[in-house]
Amino acid sequence: MATAMALRVIRRKASIAARGFSSSCEAEKAAKPINLFSAINQALHIALDTDPRAYVFGEDVRFGGVFRCTTGLADRFGRSRVFNTPLCEQGIAGFAIGLAAMGNRAIAEIQFADYIYPAFDQLVNEAAKFRYRSGNEFNCGGLTIRTPYGAVGHGGHYHSQSPESFFCHVPGLKVVIPRSPQQAKGLLLSCIRDPNPSIFFEPKWLYRLAVEEVPEHDYMLPLSEAEVIRQGSDITLVGWGAQLSVLEQACVEAAKEGISCELIDLRTLIPWDKETVEASVRKTGKLLVSHEAPVTGGFGAEISASIAESCFLRLEAPIARICGLDTPFPLVYEQFYMPTKNKILDAIKATVNY
Amino acid sequence: MAAAAAARRLSAASLPLRHHHLLLRPFASSASGQPPIAVETSVPFTGHKIEPPSRLVDTTPSELLSFFRDMSMMRRMEIAADSLYKSKLIRGFCHLYDGQEAVAIGLEAAITKKDAIITAYRDHCIFLARGGSLVESYAELMGRRSGCSKGKGGSMHFYKKDSGFFGGHGIVGAQVPLGCGLAFAQKYTKEGTVSFALYGDGAANQGQLFEALNISALWDLPVILVCENNHYGMGTAEWRAAKSPAYYKRGDYVPGLKVDGMDVLAVKQACKFAKEYALQNGPIILEMDTYRYHGHSMSDPGSTYRTRDEITGVRQERDPIERIRKLILSNEVATASELKDIEKEVRKEVDDAIAQAKESPMPDPSELFTNVYAKGLGAEVFGADRKEVKAVLP
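Protein chains in written order, with numbering that gives the first Met the number 0: chain W, 0 to 353; chain B, 0 to 393.
Chain B with its partners taken away, still in its complex shape:
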């Protein structure tokens, strides 16, 4: 909740003058005092064993602006992480989310922090969407003490318990059955909450996924399986790895919905629909048709298995941020220069966060031995010369 409020504050702070003008309009009708805008999704939803929701999505000027700001922030965060990795300040493996921002933002806009999200290793932006801070993100990426996992997780292992983010998981597909477990627990609490288990098109071919589907359908669990289809499992195109790349149909007896994952409003609509469905009926699959601009990880240039033209084409035709920019301009929610200002602010926030994260010290060496079990091992351990680190574990 606090995180949600913070996110709203961020967005409100960035509202340009024109927007205040809108707020004062006497005919403002929505609860927030802003005129609602109905936008049609770019492409229709396609359903599998289910009637798809309406293409008309309700939004507001402030929501559009917050979408723009938050997605720009994610984009900037990932691009800056790329440079930090190349300058060796980030070690380990690092998987970037740029291109896929609309999925994280649209999902967040449809649910509450009491709903759970669990994902794989491409997790930085989900963390941010759940209310995580830039400083915690960068500190974690650089293995520093003030990181969200105390610097012990790194890029693939971001978590935020207080807003229902069950984190980044390293093994492809392994988080999906966990999502079913979360949903089972939620079913008991009867609080009307659901779990979103995110996985990629690569993971869709893992056997665990089918086990998870069967379990969740058998027990009518309120879980939404979200396939973020960015069309490449590492360097393998979806059609080379899957007999049926129609991932929304892969649940067979579990209904599914194909969604334009580059359209944040479509994602919002689908997630809202899916949550309501899952609470009433059990699992549903959402296939988000999305795209990652970066390679799979930092060691993949991302250009050997797809053409430059393909990447440029997606950037020009389907980019989630540009789509919102156009919507904002065409609805006269803000001017082009006001949007530029937001981007400048975002850039500065990112730079400041990096500077702050760099100030954070490395974890204490004793952290190497903590959190293995609830209590320590009771064993004596020592470092390189039996002097550097010597600790008797509790």
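Next comes chain W alone, as it looks inside the complex:
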């Protein structure tokens, strides 16, 4: 039964993701429909091609990586710029910070976001504070950590987690999560070229499922700018990454019942685009935030608190958070844990009819 349900979830996601829902595609330029891992791959090719001081490394990346994101890079750019590291996340992160501190673009892969915790100390205590504590004499701005996050339907405890909020608590880092192939390419190139250390979480559920037209040329999408991807008047929905496709489905369902939802992709979690969310909530008077990570202490909590402060008199209902449950990511009953379309739809109705 669980399998059947999981399959249904996948199929639902596929139908949505396959459409793609980037609105800002520059149609006049050459664009081909590709999936998300290919878009990442394109971005990495461009990053290495345009900057001779860019490096890509991590566990198994020379062979293409477990999700094929680094395929072909070693052949084209050589093994001294694209290389495998031993299996040692703390070492990878520390090494990357050092490489970046010498003025290079260090693009490091942590194979799964679930394995980023051994590197946590390096990222929080070394990467994030390097510039501040040296009075701007040193920095590791060229650092970008790429790592796949989130559910895949059957990943279990250690291949499914969404650890973004830990890093959102650390001034000095940027945290970016794309929702689609086109977004992934533009945002990843921005992270790589941004003069601050960035952590780029890739929605692994969408690596193959999400397909959309992605311009072949070199382009960047702005960091710290949220995007309104669906206009509406009754309620504002905010999310990021793979959750956007679930939110989009909920919007479609809600529309059938006459509820007009405004959907915002936050894209960059820190520093986040408060203005766009505020403007939307001032219009709709209601807010729902949704993410896969457990609800308690998730980044949804920060958004809720900020909006409650700035839009207190305009809010017409309590802010709803539809997120992962406060349990470890489960092996069985993943669908109960997840912030599914029906949970969101239910909360939309409850909030609108408050």
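Please keep in mind that the hints were generated in silico from the structure rather than gathered at the bench. Predicted, not measured: the structure shown is a model, and the values here were computed from it. Even for Gly, the Cβ is constructed at its ideal location relative to N, Cα and C. Among the clues, some could well be false.
Stated by the list, open to error - Here are some chain W residues pointing at chain B (derived, C-beta under 8 Å):
no.	residue
1	83
2	85
3	87
4	153
5	155
6	158
7	326
8	327
9	330
Fit chain B to the supplied structure of chain W, relying on the hints for placement.
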């Protein structure tokens, strides 16, 4: 203990007729009434800052037969798990042990259930060796209620507290410092027990390992660090990831022993030696030179980073089960057809266990919220439509 007895029973049940004949021989001299057999290990042990043990290993006909049976069982279990995964009955991640059976079996033969074992995610066969059942294994793999972790752990998280198996751990290398903690606790109890902390060649390059080594050497902890070197950390060959792939030397001030991990008798000898050493002196590293036939996990075909010839070569030259088969035949412990019969029995046991595990229901949905803390969260949770699952946690 009960588990050990059960394992013995399994083996005894499978004893072919010829063996009973052996038991009746008047000149039988060992305690069990069987003539002991001394076998020389295939290759010598190599020591680092320690004098290696003798290559001559004592065994008995019944031990050889139980080794054969138990390793065949593990092999069959893993191959059947492969098919179950492909038919989507097993979800999540699944790492198979076939090829490495001699490590689990040889280790178990040298120690007692009061000794502790802790390992990484390639844990199915260690669980079985510690006395776990096939049904519990398959039920766990399929996320069913009668699994050894109530279906909540899955492939990577098998545990068996009553026989000192501290389980499968998901994060590479993270279990090794835990093993030191176990050993520290054992040192207090003064029961002459030790901990075996297993990790792979990939994990050997994790910083935690060196922290664990220093702690255990500093405090003379009775811990044996067992590096199961199957030569590939996922798709990366050992020499691509390690400046020194001589993992038994990586402890520097901690002595080490390199062991043919495909030779169950060598593993037994080394583990017995290491336990005695660790109780007297503190930590020691055992590097088991072994090989996994399957890829790293089910998403790795295991053929992109190594040649077919390499895999076939190991199967032909070093396979742990074939080695024991030859020993049994050359010592006339059993005939080839009797061994075939054992393999058939094993196959049937595995099939029966799968059928039984499939009958086990999914865990109750409320299990999603239990065991997060000793007591629940006191929070209200609900499912997809606020009706499907609604529970106020205690």
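Evaluated hints:
Interface restraint check: residue 83/W against chain B, minimum CB-CB distance 6 Å, threshold 8 Å, status holds. Interface restraint check for residue 85/W: the shortest CB-CB distance to chain B comes to about 4 Å, inside 8 Å, so the restraint holds. For the restraint placing residue 87/W at the interface with chain B, the shortest Cβ-Cβ distance is roughly 5 Å, inside the 8 Å limit, so the hint holds. A least Cβ separation of about 4 Å between residue 153/W and chain B falls short of the 8 Å threshold, and the interface hint therefore holds.
Checking residue 155/W against chain B: minimum C-beta separation of about 4 Å stays under 8 Å; hint holds. Taken as an interface hint, residue 158/W checks out: its beta carbon lies about 6 Å from the nearest beta carbon of chain B, inside 8 Å. Given the 8 Å rule on beta carbons, the hint for residue 326/W holds: about 5 Å separates it from the nearest Cβ of chain B. Checking residue 327/W against chain B by beta carbon gives a least distance of about 7 Å; that is within 8 Å, so the hint holds.
Look at residue 330/W: its Cβ gets to within about 4 Å of chain B, closer than 8 Å, so that hint holds up.
Of the hints listed earlier, there is not a single one the structure fails to meet.
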